[in-house]
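Asker: So the protein lines, in turn, are chains U and V. Heads up: the first sequence begins at 1 in my numbering, then just goes up one per residue. Heads up: the second sequence begins at 1 in my numbering, then just goes up one per residue.
Quick caveat, the hints were computed from the structure, so don't treat them as lab data. Watch out, some of these pointers could steer you wrong.
[Unchecked claim] Using C-beta positions, here's what the derived DEER-type ranges look like: (1) U:R60 <-> V:L212: 20 to 28 Å; (2) U:R79 <-> V:R125: 24 to 32 Å; (3) U:I87 <-> V:R125: 32 to 40 Å.
Heads up, the beta-carbon is just placed ideally off N, CA and C, and yes, glycines get one too.
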Amino acid sequence: MSYMLEAKGLEKRFGAVVAASDINIGVTAGERVSLIGSNGAGKTTFVNMITGYLKPDAGRITLDGHDITALEPRTITRRGVARSFQIPQLYGDLTVLDNMLVANACHDQKLSFWQPARRPEAIARAQTLLERFRLTEHLARRVAELPGGVRKLLDIAMALTGHPKLLLLDEPTSGVSAEEKFPMMATIMDALGHEKGTTVLFVEHDMDIVERHASRVIAFYAGRVIADDVPAVALATDDVRRYVTGELLQE
Amino acid sequence: MTALSSASLPPAAARVAGTGHGRIVALGLASCAALCVAGLFAPKWLTFLVTMAAANGLVSLGIVGLMRGGVVPFGQGMMLALGGYTAALIFNQLGFTDALGLTLAGGLVSALVAAPFSPLLSRYRGIFFAMLTLALSMVTYGLLMKLEVMGGSDGFNVGRPTLLGQSLPDSHVGYILYVLTIVVATVMALLARIYFDSTRGLVTLAVRENELRVEYLGGSVRQAMTINFILAAFCGGLGGALVVLSLGHIEPNFSFWTTSGEFVFVAILAGWQSVAAVFIASTVLEVVRSFSSAYFPNTWQLALGLFLLFVIRFLPKGIGSLWMRGNTR
Chain U
1 MSYMLEAKGL EKRFGAVVAA SDINIGVTAG ERVSLIGSNG AGKTTFVNMI TGYLKPDAGR
61 ITLDGHDITA LEPRTITRRG VARSFQIPQL YGDLTVLDNM LVANACHDQK LSFWQPARRP
121 EAIARAQTLL ERFRLTEHLA RRVAELPGGV RKLLDIAMAL TGHPKLLLLD EPTSGVSAEE
181 KFPMMATIMD ALGHEKGTTV LFVEHDMDIV ERHASRVIAF YAGRVIADDV PAVALATDDV
241 RRYVTGELLQ E
Chain V
1 MTALSSASLP PAAARVAGTG HGRIVALGLA SCAALCVAGL FAPKWLTFLV TMAAANGLVS
61 LGIVGLMRGG VVPFGQGMML ALGGYTAALI FNQLGFTDAL GLTLAGGLVS ALVAAPFSPL
121 LSRYRGIFFA MLTLALSMVT YGLLMKLEVM GGSDGFNVGR PTLLGQSLPD SHVGYILYVL
181 TIVVATVMAL LARIYFDSTR GLVTLAVREN ELRVEYLGGS VRQAMTINFI LAAFCGGLGG
241 ALVVLSLGHI EPNFSFWTTS GEFVFVAILA GWQSVAAVFI ASTVLEVVRS FSSAYFPNTW
301 QLALGLFLLF VIRFLPKGIG SLWMRGNTR
């Protein structure tokens, strides 16, 4: 099978802590994969290695057959991999619109010395994405003044600006109240529905959200993959019930 | 892509859409014309003061460009010196005397000298960037002090320039150099405003706030910082050449750290939002310096320090924030 993203034999240690041990994962185009696991299981390390923030101690990562293991985040982004962050990485002093315009400008890779950033076509493009994420009403507000959920959505909207082929979402609903989580995830998935063929990997702790939105689940524990299957099967395995959801411990 | 007008945008977006460069250019040209006309009626000491303020303001304009990316250089005096010595040496050694040509040569040589250092400097932030630029300027100062060909610690004089093939009469030389400086400053101010509002300018602001995200969006932080440093050097070089042409003298003190400190003072006083504020702040410095030197010869730095304290306390984003309020860029 040809994978769009393939990780082979990934290893990563931080001193005595094993963050990734013999990780072998292949993701085909169009999949919606949820990465689950308790804190410190290695989910974010995996995301960080794919996006170039961390370099694995061993192993290889390929994107569409090309080795991206040693590439810098910027180069990997330009190859079609985008990400959002557990703590939204935004420009707090700028407006929502300006944040989107920065994303536009960076993704276009045609930065100009004289072309205004706030030209109508760029604004219209930003506006289209903001509408999908229901952020239009916040367009002219400074990001520092926005509530956490809105920042999360903006973080993802910015990542989508370049129409990536692979999108990694690091805990898109963390820090959001329980009643807001489902509508927020629905908004995100609805917005992603407009992107044709974008493959999505999302780190998530809420199993209801995982069951509802993932086509596949990869569970991590102590830097290892302990389950990799469709949600109904993966979430029912003993290892996942013991180390991730904690159901067996409770029983 | 279909061109869209602001009118076709949703109301919220239309409110924030840029108005283009036309209004800014018109405003800049009108200000330039008004200043040139006013110079005809102003006393010579005032036109000289404004000439110095505009020329020095160019150096601070470069610093503001860097400040927008989150770094403050403490060695911009080096760019002033490079521009000044270039103009002076070309004038004295090559016999090329055109003021406009000398000014452009000053800017270009400064940018060319800065270019090889800019990739290194673009890796550093905060105090390390400031100290590295200071180190470079002090090395330049040391070299200028020691090299006889550069006039040593006394520097050397520069004769009266020509302009576009015309010699400048005694009675009008000050005014013509004033007009030249105002025109160059206006052009650079307009270009700076256009650059600050451009896609590159916006990415520079993003670098200031969150470098990590810029990289994860596919932008290059180091490229942005490298370009800004070279542009700042060009501005500094233009300013240095204009200062030398008006003063008729150059010396190593141009590259001394206290000179660099004055440019930083002006940049902080102006803030990073408004281009006009840079030249206003530069004029304020020149006025304070001139009058304090006359009336409080040994305490003018005290007045300057108190003034800066006041600005930092009550206008942390500089005097430009007075009329750029609500504009996050």
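Asker: Would you pick out the hints that fail for this structure and give their numbers low to high?
Answerer: Hint check: 3 fails alone, others pass.
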